[in-house]
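Line by line, the protein sequences are chains A and B.
Throughout, the numbering used here is defined as the position within the first sequence, counted from one, plus 49.
Throughout, the numbering used here is defined as the position within the second sequence, counted from one, plus 49.
Wrong hints could be hidden among the right ones.
The calculated label-pair distances, taken between Cβ atoms and stated as ranges, are [as the list claims (entries may be wrong)]: (1) B:Q327 to A:L382: 19 to 27 Å; (2) A:L335 to B:D306: 43 to 51 Å; (3) B:R243 to A:E258: 32 to 40 Å; (4) A:E301 to B:Q327: 47 to 55 Å; (5) B:N74 to A:Q321: 36 to 44 Å.
The set of hints was computed from the structure by calculation and includes no laboratory data.
Using N, Cα and C, we set each Cβ at its ideal position, and we do this for glycine too.
Okay, here's what each chain looks like letter by letter:
2 protein chains.
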Amino acid sequence: MIEWVQGVLEGNRRALARLLTAVENDRPGAAEALTALYPHTGKAWVIGVTGAPGTGKSSLVNALAQAYRKRGETVGILAVDPTSPFTGGAILGDRIRMRDLSGDSGVFIRSMATRGSLGGLARASRDAIRVLDAAGFDRVLVETVGAGQSEVDIVRTANTTLVIEAPGLGDDVQAIKAGILEIADVLVVNKADRPGADSTVRGLRMMLELGHPTTRQIVSHHGQMMETEGAPAAPMDLGFWLPPVVRSVATEGQGIDELVQAIDTHRDYLRQADRLQQVERQHIELEVVDRLREALLERLFRQLSRADFDQLVNQIQERRLDPHQAVHQLLELQTLNVAK
Amino acid sequence: MIEWVQGVLEGNRRALARLLTAVENDRPGAAEALTALYPHTGKAWVIGVTGAPGTGKSSLVNALAQAYRKRGETVGILAVDPTSPFTGGAILGDRIRMRDLSGDSGVFIRSMATRGSLGGLARASRDAIRVLDAAGFDRVLVETVGAGQSEVDIVRTANTTLVIEAPGLGDDVQAIKAGILEIADVLVVNKADRPGADSTVRGLRMMLELGHPTTRQIVSHHGQMMETEGAPAAPMDLGFWLPPVVRSVATEGQGIDELVQAIDTHRDYLRQADRLQQVERQHIELEVVDRLREALLERLFRQLSRADFDQLVNQIQERRLDPHQAVHQLLELQTLNVAK
Numbered sequence: 050m051i052e053w054v055q056g057v058l059e060g061n062r063r064a065l066a067r068l069l070t071a072v073e074n075d076r077p078g079a080a081e082a083l084t085a086l087y088p089h090t091g092k093a094w095v096i097g098v099t100g101a102p103g104t105g106k107s108s109l110v111n112a113l114a115q116a117y118r119k120r121g122e123t124v125g126i127l128a129v130d131p132t133s134p135f136t137g138g139a140i141l142g143d144r145i146r147m148r149d150l151s152g153d154s155g156v157f158i159r160s161m162a163t164r165g166s167l168g169g170l171a172r173a174s175r176d177a178i179r180v181l182d183a184a185g186f187d188r189v190l191v192e193t194v195g196a197g198q199s200e201v202d203i204v205r206t207a208n209t210t211l212v213i214e215a216p217g218l219g220d221d222v223q224a225i226k227a228g229i230l231e232i233a234d235v236l237v238v239n240k241a242d243r244p245g246a247d248s249t250v251r252g253l254r255m256m257l258e259l260g261h262p263t264t265r266q267i268v269s270h271h272g273q274m275m276e277t278e279g280a281p282a283a284p285m286d287l288g289f290w291l292p293p294v295v296r297s298v299a300t301e302g303q304g305i306d307e308l309v310q311a312i313d314t315h316r317d318y319l320r321q322a323d324r325l326q327q328v329e330r331q332h333i334e335l336e337v338v339d340r341l342r343e344a345l346l347e348r349l350f351r352q353l354s355r356a357d358f359d360q361l362v363n364q365i366q367e368r369r370l371d372p373h374q375a376v377h378q379l380l381e382l383q384t385l386n387v388a389k
Numbered sequence: 050m051i052e053w054v055q056g057v058l059e060g061n062r063r064a065l066a067r068l069l070t071a072v073e074n075d076r077p078g079a080a081e082a083l084t085a086l087y088p089h090t091g092k093a094w095v096i097g098v099t100g101a102p103g104t105g106k107s108s109l110v111n112a113l114a115q116a117y118r119k120r121g122e123t124v125g126i127l128a129v130d131p132t133s134p135f136t137g138g139a140i141l142g143d144r145i146r147m148r149d150l151s152g153d154s155g156v157f158i159r160s161m162a163t164r165g166s167l168g169g170l171a172r173a174s175r176d177a178i179r180v181l182d183a184a185g186f187d188r189v190l191v192e193t194v195g196a197g198q199s200e201v202d203i204v205r206t207a208n209t210t211l212v213i214e215a216p217g218l219g220d221d222v223q224a225i226k227a228g229i230l231e232i233a234d235v236l237v238v239n240k241a242d243r244p245g246a247d248s249t250v251r252g253l254r255m256m257l258e259l260g261h262p263t264t265r266q267i268v269s270h271h272g273q274m275m276e277t278e279g280a281p282a283a284p285m286d287l288g289f290w291l292p293p294v295v296r297s298v299a300t301e302g303q304g305i306d307e308l309v310q311a312i313d314t315h316r317d318y319l320r321q322a323d324r325l326q327q328v329e330r331q332h333i334e335l336e337v338v339d340r341l342r343e344a345l346l347e348r349l350f351r352q353l354s355r356a357d358f359d360q361l362v363n364q365i366q367e368r369r370l371d372p373h374q375a376v377h378q379l380l381e382l383q384t385l386n387v388a389k
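Generate coordinates for the entire structure from the input sequences, incorporating the hints supplied.
Pasting the structure below:
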């Protein structure tokens, strides 16, 4: 596998595809390859694209990729589907929609679905983003389907996160907005030619105002700022980032230039002072903690006999022990084992 | 807190509300109270209700609760919102929609939103379900908003899981169906008076067929079975459970009797042989593993100095160490510490 590393660094697409498969399935040797690639990472600008079903994420990713290609930048696309553990339906759909991009050697598209645990998918996406980064793509677009913690975890490694909305998606879409608004660097109201677009834009601005104390403060002092549509023309350094709301009709290519501009503005913002370093640090801490959690569990189960575990489960089922007490006992057991 | 335990067992609503708050926030003493209540659990039938946004889950929970009340059964409702870490919007909405039920002493409604990690929410929901169970409610309805791994984790403790769909929810709703179909014991097509209901029902049946090898087999042998609408009139023991597809218009009370029947049929099915014990065992194993994962991490961070951790993060950021290697080092460090 280590021989593919050189290929990936030289831009060999076959080596790239093979290594991604190995990384996705956590094959032996994948960890070493990632270690070897790691010093070559940190150059790509990683853009996370997320939002509720029906917002047109795939079309938007498609349009964004084409816009970057026109500027001469190379694009790696990772479509991650945390909602689909056993069918490949959505992934297939994405691929079909992305046919405009295939055949272009400056674009590389990869799909990933849930295999085993969601934690495993977050780990695999992070590693895959890193491989695409080391392979030298200028932009890495990470698209996730779904609406919940899943994509929050997956887009967490992105440098700029786009949250996509669309008008008229039913009554409790509001609930979703609240959750993912927190992770948005740029908000996109796609399908903006549909009725209700104005009210979606207004709703998002209201929620931005409710959600972010700093924003609320600014808004009360400079009410007009929230009225600015699209991305600000020049980077404004207010000491914090106010997510712009961009309107688009991705299938018609409308609003894409504004979106590209908004992403660049966000990049410029992060590159000021040592913000990018700070954000990267947070990402690294989260990643180490996630990996540690899994590694610790794995280690404990290597030390624990199945019989001991089954006995505890029996006691819980017979209501002689509760799960909290059981965990306590397991921890003590491990301490004894390690100390031996 | 332990004094509330007696109150909860005696049906005191104030004690119940207080204990739930303590459990939700993991206050000191909550673990002891849960241990004391644990022997009194395992009597309620826990029904998980989940599905994509806009399917009318809250109305359905409302209608189900009213149906159970008419049969003289008591109902605890837990509305969990994994998508809303900082606003209470959806929860408020649920409460308003549930006003038909308030004032009835045989119903207890509780909302819960994300606080901190999603893992924390899954833990808190599990504990809250257990408290409602010990409090003697015949049925515990657990409703979750969202669409992804989040609610899979939350409804995992349910005895019967309902997955709600509705006609005409946009193009990539398909993706969501695939993911949550796996956890469905009963499928509900709500808002079945809307155009497209027939095609939603057909789509679900097709996906059931695609997803479950056993079903596929049965379908090819007894094609007519998949044509049965609603729940079968009598429990059929085929050796596996074929999720029925029930149509409803919850706001009009249509299809609710059929749904109640389908849930009872599923309960009868699980009560045959030792299926219920087996399912419970799986739930317990998952719970122990989840709790263990968090407890192990907590213990490691108690043993690790902030300076050591920061140093590792620095090395990763400077690309001198990759996250995989870092985790390795941390594990070794702990082994040394414990062995000391």
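Hint check:
1. B:Q327 to A:L382: 19 to 27 Å: Given range 19 to 27 Å: holds, Cβ gap about 26 Å.
2. A:L335 to B:D306: 43 to 51 Å: Taking Cβ atoms as reference, A:L335 and B:D306 lie about 48 Å apart, which means the hint holds.
3. B:R243 to A:E258: 32 to 40 Å: Since B:R243 and A:E258 have Cβ atoms about 34 Å apart, the given range 32 to 40 Å holds.
4. A:E301 to B:Q327: 47 to 55 Å: For B:Q327 against A:E301, whose Cβ atoms are near 54 Å apart, the range 47 to 55 Å holds.
5. B:N74 to A:Q321: 36 to 44 Å: holds (39 Å)
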